[in-house]
Amino acid sequence: MNTQTLQAMQPDVEKPLFVGEKPMPKYIRRSVLALSIDDAQLGEKAYASWADAIILDCAKHPGRDWQADLKARVPAAIQAAARGGAEVFVRVNRDSAAAELEAVVFSGIAGVVLKGVTAPEDITAAAEQLDALEVSRGIAHGALEIDVEVDTAGAVWHSLAIARASERFGVFYVNEAALCQNLGMQSTPTLAFDPLEYIKSQLITVATSVGGQAMGMSYPLGLAQDNADEAIVKKAVRLARDTGFKGSMCPHAAWIKVCNEGFRPTAEEAAYYVKVIEVFAEGIKRGMASVPIDGKMIDVPVDLRAKLYLKWANRAQVRDDAKARAHERQGN
Amino acid sequence: MFVTPTNPRFIDKAWTRGGDVYILDIEDSIAPAEKERCRTLIRESIQKANKGGASIYVRINKPFVDADLPYAVWPGVDRIMLPKTESADDLRHAHDIITRLEKERGIPVGSIELYPMIESTLGAVNIHELLTAVPRKLSSMGGAGGYDMAMNLGIEMFASFDQYAWPVAYVALAALSLDIEATGGVFVPNTSGRVDQGDQAAKQAAALHAAGVHHSGALHPNFIQPLVQGLSATADEVAWAHKVIAEFDKLTDAGESVGMLDGKVVDKYEYDSALRTLEWAAACAAKDAYKARAMSRAQQASA
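So the sequence lines, in the order shown, correspond to chains A and B. Sequential numbering of the first sequence, starting at 701, is according to my numbering. Sequential numbering of the second sequence, starting at 93, is according to my numbering.
These aren't lab readings, by the way, just hints derived from the structure by calculation. Glycine included, every Cβ here is placed at the ideal spot set by N, Cα and C.
These stretches of chain B come out as covered by chain A in the derived footprint (C-beta under 8 Å, 3 or more residues):
#1 117-126
#2 235-249
#3 256-269
#4 281-291
So that you can see chain B by itself, here it is in the shape it has in the complex:
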């Protein structure tokens, strides 16, 4: 979830919300006159927001990359989000500064991930060039929709159909072709435009989960729990994955490659899919356990 470091009501409570990630924003939710103060609050905000075991990202401003990064690159930051990325040069410039700061601040070089946010048509058409621009981990790739893209395309948002069919799919395909996880590409209508309704988050999570997408963002705390729950592997999915793996093992032992289980085909494809389900379930469980321990420590400390 995005959090504004300048608002104590938001930043002080963020860790209690149970999110997997908090994004400390210096960009669009921060008024121009507050940017300077916001920068100086990032370091202490990291400690506040990750008390509950969440990962920490920082969203900087494209026009102020040089000014923002020295305030954004600290131990405890997992990812820098670079908005409105449109060219390989945008990424190279940010990468060079982050590398220098990592060296200066004793952070393992290359450990901070860089997330190019695709928010314009130019960024979308240049996506492959962007994703191959720097020797730094680009861990996931979504976007090519949203508020800025709507402005660039000159469209009203919140239509009942997918207004970003090509750019979102194109960006996701480019990412997948480079073994970068894709986090976009699934359309869920939200004709009200509201960002605070949990049932909308649940629908969004269900659609993403069905498409194999593991991450989604939020602008309001009401979205967090529906997303965390909806994007996690369910008990039924885990049970089914175990059955598929057991059945495929039996087939393999018998020298066969295709069988049936409860009327469904079991083959190598289903076997691999089941393994991925278990991997994802294990990752979710590990994150939940980590957050629970951190949350417990933080609650004891604040008691």
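Just chain A, with the same shape it has in the complex:
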């Protein structure tokens, strides 16, 4: 289904459906790939990946002035990572966040991903520093996002305060292996149930409550991080989407295509939403705001959901089109 088809289904895709409507999901960020700035193939891998977002990891090399080293190399790495049209982020450790932010924040990034967060003060401190760095580095005020990689019990416990700590907050990434380790749990998926189910649901709920989103994968793949068969990844992505995740970190390049296709409404779902909208509109003409389709109740929120999800499908297609154009430009 291309953009034109989707727009024909719902002509007013950009028109707000209700007062105060926020984009749902906030970002079309279905697949996220982490790459090291030390990777000699960084640009090629980023370009070939078709990931919606790239997170850059910046190692501190011993024996060098690591800040000067990163300042010298990060701008080029950002450019290389963006070759395929991905949003680019830089991952920063909470323990040395102030020094790292100084060394890695440059024009071209969409934001930073903080790991090791344990309290809302970690976010407010980073936000204040970004205020200053945006001024000194020619970045629009408030443009940089702060995402949080949830890998500690503290981050889970304080998740609401963390998400509310700054307008810059955008995303919770669930790092299942690190979280299990922090909680003293086995970090291999040996159980028949997801031991982090409740925590994942909490992070999804909290992130959504502030207009953000949560990123993660379903059990057991989210914990195992296997380079599994496409069918297994596809099923896991569907489960993750049904849980409320809007995308996932992709430890293997093979996950990216599946995530890009899976973390969005399918063509079949889009066709069903169109039917819902049509049936509901006919009901309204007859003065009925609750009408059935195959025994399912269609009322105001179901109709509204159908319209919102069509917008989502359209935005995902627009994102894919933009990445395709970036590839064409880079290919020429």
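Please build the complex by placing chain B on the supplied structure of chain A, with the hints as guidance.
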């Protein structure tokens, strides 16, 4: 069960269905162009729907609280349902208007319960603040799932697993911590999404009953009898409760606190649980008797 006052086929027959509660809806089942007419029908709908002895709730619209409440607060209304509640201010605003209307209409002040419906992630995370916002009885607390929450979370409904694990449990825990009855928290798969299948209602009732939850809602009359039956205490449960109480009384007389009955432990916990079973059985019996008398009167009147 939810009932649309604008549809005579639904509202006129509602009392014959045997439900414990009818919810007169001005919200999502009412088309925008019909809202005004619906408001004017609420007062007479109360008399129609409670003929069979059911309690009456009214679900209003969050964006139209000021416009809806003057048409919703009447003698005979037990509860106002406030959808999509997200903040303490939402509750305070509704409470203030209801209090004024109670005074104006000779209704004991504070007698109409307020039910904040939690249908968004923001409502869920703010639950404790909501439940302590007003000096009015909030008699039970469920929700944090359903159609609106699915939309807010951006998920497809009717998955085979619990998509609302945290918000539903969090809301229920907040309610219980404030001695407010919790009516949510139990997941029963419904992958078809159908709202008209009695066997689904029976499964739902069994799961809720096992978890000690006493109430559930319906969108279709086919749900009513399975829910009424499934959520009531069974004869076996009542008989067992009597045996436990008798055994614990014997233990107490003997100066002991723990014993065995048919291979099961009997202690203070089981004794209290048995008392709750009998209380619930008595409440169900009283409601059934009240409905039977009302139903009989209504049938005679319409004969």
